[in-house]
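> For the protein sequence lines, the chains are A and B, in the order given. At position 177 of the first sequence (counting the first as 1) the number is 340 in this note's numbering, and the numbers step up by one without a gap. At position 154 of the second sequence (counting the first as 1) the number is 631 in this note's numbering, and the numbers step up by one without a gap.
Keep in mind the hints are simulated off the structure, nothing from the lab. All values derive from a computational prediction rather than experimental measurement. Wrong hints could be hidden among the right ones.
[Unchecked claim] Here are the simulated distance ranges between beta carbons: (1) His500/B x Gly399/A: 52 to 60 Å; (2) Ala617/B x Gly315/A: 17 to 25 Å; (3) Phe429/A x Arg595/B: 54 to 62 Å; (4) Pro347/A x Arg595/B: 54 to 62 Å; (5) Arg614/B x Thr288/A: 47 to 55 Å; (6) Leu371/A x Arg552/B: 49 to 57 Å.
In this text, a Cβ means the ideal position worked out from N, Cα and C, and glycines have one as well.
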Amino acid sequence: MEQLVVQTLNGIVAGMILALVASGLTLIFGIMDVVNFAHGELFMLGAYVGTTTMVVTHNFWVALVVAAVTIALLGAVIQITTLRPLLGRDPLTTILATFGVSLVLQNYALWQYGPVPRKLSEPITGHFKLFDLEYPYYRIAIAVLSAAIIGGLYLFLKYGTYGIWIRATTQDRVMASAMGIPVPLVHVAVFAIGAGMAAASGVLFGPLIGVNHAMGTDWTLKAFIVVVVGGMGNLGGSILASIFISLLEAYAALWVSPSQAVIVSFVALILTLLIRPTGLFVPTPK
Amino acid sequence: MSPPDTTPLVRVDGIHTYYGKSHILHGVSLDVQAGEVVGLLGRNGVGKSTTLKTIMGLVHPTEGTVALEGRPITRLPAHRLARLGIGYVPEDRRIFRLLTVMENLRTGLDRHDVPEDRKRGLLDKAYEYFPVLAERRAQAGGTLSGGEQQMLAIARAMMLEPKIILLDEPTEGLMPRMVAQISAIIDALHRDGVAILLVEQNVPLTLETSQRVYIMEKGVVRHHARASELRHDDTVIHQYLGV
Numbered sequence: 164m165e166q167l168v169v170q171t172l173n174g175i176v177a178g179m180i181l182a183l184v185a186s187g188l189t190l191i192f193g194i195m196d197v198v199n200f201a202h203g204e205l206f207m208l209g210a211y212v213g214t215t216t217m218v219v220t221h222n223f224w225v226a227l228v229v230a231a232v233t234i235a236l237l238g239a240v241i242q243i244t245t246l247r248p249l250l251g252r253d254p255l256t257t258i259l260a261t262f263g264v265s266l267v268l269q270n271y272a273l274w275q276y277g278p279v280p281r282k283l284s285e286p287i288t289g290h291f292k293l294f295d296l297e298y299p300y301y302r303i304a305i306a307v308l309s310a311a312i313i314g315g316l317y318l319f320l321k322y323g324t325y326g327i328w329i330r331a332t333t334q335d336r337v338m339a340s341a342m343g344i345p346v347p348l349v350h351v352a353v354f355a356i357g358a359g360m361a362a363a364s365g366v367l368f369g370p371l372i373g374v375n376h377a378m379g380t381d382w383t384l385k386a387f388i389v390v391v392v393g394g395m396g397n398l399g400g401s402i403l404a405s406i407f408i409s410l411l412e413a414y415a416a417l418w419v420s421p422s423q424a425v426i427v428s429f430v431a432l433i434l435t436l437l438i439r440p441t442g443l444f445v446p447t448p449k
Numbered sequence: 478m479s480p481p482d483t484t485p486l487v488r489v490d491g492i493h494t495y496y497g498k499s500h501i502l503h504g505v506s507l508d509v510q511a512g513e514v515v516g517l518l519g520r521n522g523v524g525k526s527t528t529l530k531t532i533m534g535l536v537h538p539t540e541g542t543v544a545l546e547g548r549p550i551t552r553l554p555a556h557r558l559a560r561l562g563i564g565y566v567p568e569d570r571r572i573f574r575l576l577t578v579m580e581n582l583r584t585g586l587d588r589h590d591v592p593e594d595r596k597r598g599l600l601d602k603a604y605e606y607f608p609v610l611a612e613r614r615a616q617a618g619g620t621l622s623g624g625e626q627q628m629l630a631i632a633r634a635m636m637l638e639p640k641i642i643l644l645d646e647p648t649e650g651l652m653p654r655m656v657a658q659i660s661a662i663i664d665a666l667h668r669d670g671v672a673i674l675l676v677e678q679n680v681p682l683t684l685e686t687s688q689r690v691y692i693m694e695k696g697v698v699r700h701h702a703r704a705s706e707l708r709h710d711d712t713v714i715h716q717y718l719g720v
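Please model the entire structure based on the sequences and the hints provided.
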């Protein structure tokens, strides 16, 4: 019972970070039909930019913001140089292009920062007692912060002029441009937002496992599972699926080792694809 | 009849447009004066919609030019043209189905150079023309009926304060009562000084609302006349449209 509570908490914390990564991914897919295989590398580079900024400023929160902004700019550059020329072509070309970008970024990180993981110290060090366990406050803070960022994104999409532009462009690119919405600019902005959110998740997650050049790969994979289970391009679905998958893994880890628990996510993915390929958390298509 | 000497609002000159390898427009030329309602008639598949899309910059012609108030706009992207004063109401309406009525209107209304009171005025006017949209302002566009969606598509284009609206088959699939309403709206827009290039299958409505009419066949303009002439003499209509 106690373990169940702890694992629920762990599942929610992991789920919120995953939701932060996946919502950027799904936003990008929804608007550009681009499956961004470099998303995990943006997460990883965000964490590295975070460590570098920490060395200079010794302030975690500054590092969080600097990383998000830097990687958002990098995302904009990637979109303009790599994806814009491929827009509207066979999806395979963008998959290959983003996969190429991911290899470049990963090897750049290895070359720049070396193979030894960097430590990113957590900004909140206290613990509270949860049964006979000392549970770190920082984990709770991660969940709350991720939720706040996602909530901010939601409000922006729902009420902001640019949010309406993004939703209109997602639904009908051609009509959006006929209404005077600068679609190419919207695409760049969405890619930048997605990249910035991935970077923010990287910095938030960094203190839990340390920062290394391969840390993005796992997250790309997981985020993809979530995006498929939640329904491609469906923001709410991705968020629900993130929490669902993370809870599944957390509970599975009660019986098997955490590395084996990952299998549960794949089972969920395969079942979703078999039974309901449009995603679990989307309304039945009419 | 020859077109007037003043610079037309929109001048299309000898455009050739392709979709992939299929050659749709074979040198279409036409013009629309400021504030004028011009009909574009022809059978299905002769290139009427493609002509509108080419003017809107949604497809680019391989040859020929499009000019707005004498300024060449042939290569400009659609979003620039929308801001220069071309409104587009496509054949299939293309409402943003998941956006509310109000949000659909905001896609055209939220421009940086428009002060709040003018936005208010534009909305009031749209709601005055289409009271049903005011009632449904918080409802998703996809839940509206066909006629209501058509009204929303027109109201949405009005938010851009266009000099001309490209109106593609606005009465298609609508009930007679709705058709009469669309016709009244075209007249109201005309009184407001908005030019309209109207593509329609409904010949009587087109002749009634337009001042001039172009008739297209196989990707070119075959005939050009005052609407009043065609109203009295329907041999040309018979010849090209078979009605």
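> Take the hints in turn and mark each one as holding or not.
Status of the hints after comparison with the structure:
Here the CB-CB span from His500/B to Gly399/A is close to 45 Å, at odds with the stated 52 to 60 Å. With their beta carbons about 23 Å apart, Ala617/B and Gly315/A fall inside the hinted range of 17 to 25 Å. Between Phe429/A and Arg595/B the beta carbon distance is about 56 Å. The supplied range of 54 to 62 Å therefore holds. Between Pro347/A and Arg595/B the beta carbon distance is about 27 Å. The supplied range of 54 to 62 Å is therefore violated.
The beta-carbon spacing between Arg614/B and Thr288/A, approximately 51 Å, falls within the hinted interval of 47 to 55 Å. Checked against the hint of 49 to 57 Å, the pair Leu371/A and Arg552/B passes, with Cβ atoms roughly 52 Å apart.
The structure fails hints 1 and 4 (numbered hints given earlier, in ascending order).
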